[in-house]
Amino acid sequence: MTVTEKDKLSEVISKCKPERGNLIPLLQEIQAELGYLPQEAMQEVASFLDIPKVEVYGVVTFYNQFRLAPLGKHHVRVCMGTACHLRGGKLILEALERELSIKVGQTAPDRSFSLERVACVGCCMLAPVVLIGEEIHPKMTPFKMEEDLIPYRQEIDELPENSN
Amino acid sequence: MNFPKIQTRAESEWENLQASLYILIGTATCGRAAGALNTLEAFQAELARQKTSAEVIEVGCMGLCYAEPLVTISKPDSFRVVYPNVTPELVPRLVEGYVLGDDPCLELALGTLEEDEEGAPYIPELSRFEHERRIILAHCGYIDPQNINHYIAQGGYRGLDRALAMSPPEIIEEIGRSGLRGRGGAGFPTGKKWEFCSRAKGSPKYVVCNADEGDPGAFMDRVILESNPQQVIEGMIIAGYAIGANKGYIYIRAEYPLAVDRLKVALGEAYDLGFLGQDILGSSFNFDIELATGAGAFVSGEETALMAAIEGKMSTPHPRPPYPANEGLWGKPTLINNVKTYSYVHLIMEKGAGWFSSIGTEESKGTAIFTLAGKINCAGLTEVPMGTSLQEIIYDTGGGIANGKSFKAVQIGGPSGGCLPESLLNTPIDYDSLREAGSMMGSGGLIVMDEDNCMVDTASFFLDFVTKESCGKCTMCRLGTLQMLRALEDICSGKGKMEDLDNLLELAEDIKAGSLCALGGTAPNPVLTTMRYFKHEYEDHILRKQCPAKVCPELTAYYILPDKCDRACEHCILTCPTEAIKGEKGEVKHIDQEKCVNCGTCLEVCPPEYNAVVKLSPVTSLPPEDAKAKERGIAQGVLG
Ligand SMILES: Cc1cc2nc3c(=O)[nH]c(=O)nc-3n(C[C@H](O)[C@H](O)[C@H](O)COP(=O)(O)O)c2cc1C
Ligand code: FES
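Respectively, the protein sequence lines represent chains A and B. Numbering-wise (the working numbering), the first sequence opens with residue 1 and increments by one. Numbering-wise (the working numbering), the second sequence opens with residue 165 and increments by one.
There's no promise every hint is true.
Computed Cβ-Cβ distance ranges for the label pairs, DEER-style [claimed, not checked]:
{"hint": "1", "chain 1": "B", "residue 1": "Gln800", "chain 2": "A", "residue 2": "Gln154", "range": "43 to 53 angstroms"}
{"hint": "2", "chain 1": "A", "residue 1": "Thr2", "chain 2": "B", "residue 2": "Asn166", "range": "40 to 50 angstroms"}
{"hint": "3", "chain 1": "A", "residue 1": "Lys53", "chain 2": "B", "residue 2": "Gly678", "range": "28 to 38 angstroms"}
{"hint": "4", "chain 1": "B", "residue 1": "Pro252", "chain 2": "A", "residue 2": "Lys139", "range": "32 to 42 angstroms"}
{"hint": "5", "chain 1": "B", "residue 1": "Lys356", "chain 2": "A", "residue 2": "Gly105", "range": "42 to 52 angstroms"}
{"hint": "6", "chain 1": "B", "residue 1": "Lys661", "chain 2": "A", "residue 2": "Gln154", "range": "29 to 39 angstroms"}
{"hint": "7", "chain 1": "B", "residue 1": "Lys661", "chain 2": "A", "residue 2": "Glu97", "range": "44 to 54 angstroms"}
{"hint": "8", "chain 1": "B", "residue 1": "Ala209", "chain 2": "A", "residue 2": "Gln39", "range": "31 to 41 angstroms"}
{"hint": "9", "chain 1": "B", "residue 1": "Val752", "chain 2": "A", "residue 2": "Gln154", "range": "31 to 41 angstroms"}
{"hint": "10", "chain 1": "B", "residue 1": "Glu748", "chain 2": "A", "residue 2": "Thr61", "range": "33 to 43 angstroms"}
{"hint": "11", "chain 1": "A", "residue 1": "Pro52", "chain 2": "B", "residue 2": "Ser331", "range": "46 to 56 angstroms"}
{"hint": "12", "chain 1": "A", "residue 1": "Glu135", "chain 2": "B", "residue 2": "Thr216", "range": "43 to 53 angstroms"}
{"hint": "13", "chain 1": "A", "residue 1": "Val104", "chain 2": "B", "residue 2": "Ser331", "range": "52 to 62 angstroms"}
Residues of chain A clear of chain B, computed beta-carbon distances all greater than 10 angstroms [claimed, not checked]:
{"hint": "14", "residue": "Lys8"}
{"hint": "15", "residue": "Glu94"}
{"hint": "16", "residue": "Thr141"}
Keeping only pairs whose Cα atoms sit at most 30 angstroms apart, straight-line, the calculated DSSO-like set for lysine-lysine is [said to hold, decoys possible]:
{"hint": "17", "chain 1": "B", "residue 1": "Lys356", "chain 2": "A", "residue 2": "Lys144"}
{"hint": "18", "chain 1": "A", "residue 1": "Lys90", "chain 2": "B", "residue 2": "Lys746"}
{"hint": "19", "chain 1": "B", "residue 1": "Lys779", "chain 2": "B", "residue 2": "Lys746"}
{"hint": "20", "chain 1": "B", "residue 1": "Lys779", "chain 2": "B", "residue 2": "Lys661"}
{"hint": "21", "chain 1": "A", "residue 1": "Lys15", "chain 2": "B", "residue 2": "Lys632"}
{"hint": "22", "chain 1": "B", "residue 1": "Lys632", "chain 2": "A", "residue 2": "Lys144"}
Hints listed in this document are in silico derivations from the structure and should not be mistaken for laboratory results. If you're wondering where the values come from, they're calculated on a predicted model, not measured in any experiment. Using N, Cα and C, we set each Cβ at its ideal position, and we do this for glycine too.
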């Protein structure tokens, strides 16, 4: 964890009451701040709530919402709900895996993109749907997906650390 | 403040609004997905530019999701007009035309909300509304979900006011007589549940609202919470008073951030007016509601698992009995109902049990709410009396099958439900008829499939979901469903055998018997119903290596018809993501089946005047060399 991450973590924890029932909201808040749940954060939570570490780890790995690794700059979520599946959601997911050279659930080594599957984002009439960050990409096809990725890729290429 | 005073104030606020010019914009999640926030911004900018002071109000969803962004313009001395698909480009037209001028732009309208306007349909008489009976969706999309006075002006909190004048047993009896059954899936009689809980020994008691909505194709609870959250809150307060609880929890999934935000505002408003907190409306009854956000697990929707989640634990179900009514949250008596179940409560209190039980069928009272999605023209929400047929819902309220395709199946109830064929479209929607057909009411997600959907693939999709979401506690649910999934995957990829079908049936029975909760107990339903009604599709996959819907990649190939290919055109070559298409300029293009990943891009980009790309199944319909290449590709795992 970086120093800023540590500071953020202490701040979130300091606002919480040390009660067992607060475990999930606390983890949610830490993740909202840090983007993921580093191992040290889970350990701190365990000692703060005075519960075994394995219990924290159990809860973190049980729920889909929690992440053990940081996300990419662009977080791509592919809807794999029923309506999206019926309109080819799987092909979109395959296209993204191919284009981004990562598997679902992974973050690219340069942290440019991360890819996740989600179940129904509630806009079934626009199926199949992909979210990049909070932006909705409706009625995708593998071909359109490829085109829609272009501006995001350009943005990554233009970042100062990538231009030399 | 006492209730009559609150009411008078709310009503006068509402009347003032009706006497003014205002614009409603649907900004529920479905509206936002379609760009409603841009439309909202465009309205604000255009009104500012024109120096007009019309109020713009963000509302929820009318259920016409296919027509989002949906805008309603209301003028004091004229009729209200509803406009569909309002993009920012249309906004200046509407402002110029109807906000500032007298042209209602009827050519852009979906219809009017007042009768007898020539040139546009009267919305309540659109064919879909002839079958609908809106009770708890009645105000969704018409009132500001963030303004409690709108709700009160529509009759909100009268039910609570009336309930507080009754004794708790009287309330429970009224709910019982109404015939209300739980809308969370199983259809348990609500009055009975309240009675068990009120009789249970132990204190404190808790009231829980199940807003987990985990079915990956249903979103009505979200729509209700985003469009009219107060009715859920009011129902919970009445429940608390009836069973003797002073604390309530709403368990809502974190994937619904907008619903969470709107609920927070709604709770704050209810506290401000004294509907929550101490001494509610001077009755000396106290009640608090807290939000708990779920962390994304389908099983958390199961009641015992949900309570474990609120307690901050891993959300695994435990055996019942003890039922939550006796031993729920922290071991105390707990009442748990669904969002819709609570939504009906205030109306039953206000209008009486007789009113409610006059709607619906003998055994299933009231209305049913469905989300319509899939291959249907008018995706969205519908509320119909129980007993309405599937046919009426799909064709009359849902506008029939999209793109001129033919109907194949309708899936009801999500991962626990089943797929019903055309021959069962006359089935009335009620708990018992659906169960008889092998499906269930479940969450109320209704998904229509057409000729392009493969039933084996669909069954496999739901099982895949279940294997990912099984909490792992019961062996049959954890491993049995995985075995079923493997068998289905084999069938989809052409490796299935006829005896797999018998094994599937046997496994299905074992999983039903060997699972603690209904996640496993109903998981085989999608497989069982597809096997029962679409057995020929399974047989085609197994015996003929053919996927009739041309979906399963191992059994389907893309092929460029040589005599249709334009030769000069290179669309397919330039877009194929795996460079699987070859052919010099002027030559016929040809797909290298060994490299083809079945993404369908060539079919999508081939210009319609050539229409040269087709899908073939079985793959033996390819020329022999191509068929061999496809086999090689499959062996190398190109299909992922
Ligand atoms: C796997 C599983 C998931 C469930 N998901 C939900 C859900 O998302 N929402 C819901 O209200 N009920 C759900 N239920 C049903 C609940 O266990 C419970 O029956 C319901 O909340 C009771 O409310 P009701 O009486 O108003 O129907 C689920 C059940 C199972 C087995
Ligand atoms: S299934 Fe994808 S948005 Fe509903």
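*With 43 to 53 angstroms as the target window, see if Glu135 of chain A and Thr216 of chain B comply at their CB atoms.*
violated (31 angstroms)
*Mind checking the hinted window 43 to 53 angstroms against the Cβ distance between Gln800 of chain B and Gln154 of chain A?*
violated (33 angstroms)
*In this structure, is the beta-carbon distance linking Pro52 of chain A and Ser331 of chain B contained in 46 to 56 angstroms?*
Holds: the Cβ-Cβ distance is about 48 angstroms, inside 46 to 56 angstroms.
*Holds or violated: 42 to 52 angstroms for the Cβ distance of Lys356 of chain B and Gly105 of chain A?*
holds (44 angstroms)
*Is 29 to 39 angstroms a correct range for the gap between the Cβ atoms of Lys661 of chain B and Gln154 of chain A?*
violated (51 angstroms)
*Would the least Cβ to Cβ distance between Lys8 of chain A and chain B come out above 10 angstroms?*
holds (20 angstroms)
*Taking 33 to 43 angstroms as the hint, is the beta-carbon distance of Glu748 of chain B and Thr61 of chain A inside that range?*
violated (54 angstroms)
*Take the C-alpha atoms of Lys632 of chain B and Lys144 of chain A, compute the straight-line distance between them, and say whether it is at most 30 angstroms.*
Holds, at about 29 angstroms.
*May I ask you to test the hint 32 to 42 angstroms on the CB atoms belonging to Pro252 of chain B and Lys139 of chain A?*
violated (19 angstroms)
*Range hint compliance [Cβ, Val752 of chain B to Gln154 of chain A, 31 to 41 angstroms]*: Given about 36 angstroms between the Cβ atoms, the range holds.
*Mind checking the alpha carbons of Lys90 of chain A and Lys746 of chain B for me, to see if they're no more than 30 angstroms apart?*
With Cα atoms ~26 angstroms apart, Lys90 of chain A and Lys746 of chain B stay inside 30 angstroms; holds.
_Assuming the hint says 28 to 38 angstroms, is it satisfied by the Cβ distance from Lys53 of chain A to Gly678 of chain B or not?_
The hint (28 to 38 angstroms, Cβ to Cβ) holds, given that Lys53 of chain A and Gly678 of chain B are roughly 33 angstroms apart.
When the structure is compared with the earlier hints, violations turn up for hints 1, 2, 4, 6, 7, 8, 10, 12, 15, 16, 17 and 21 and for no others.
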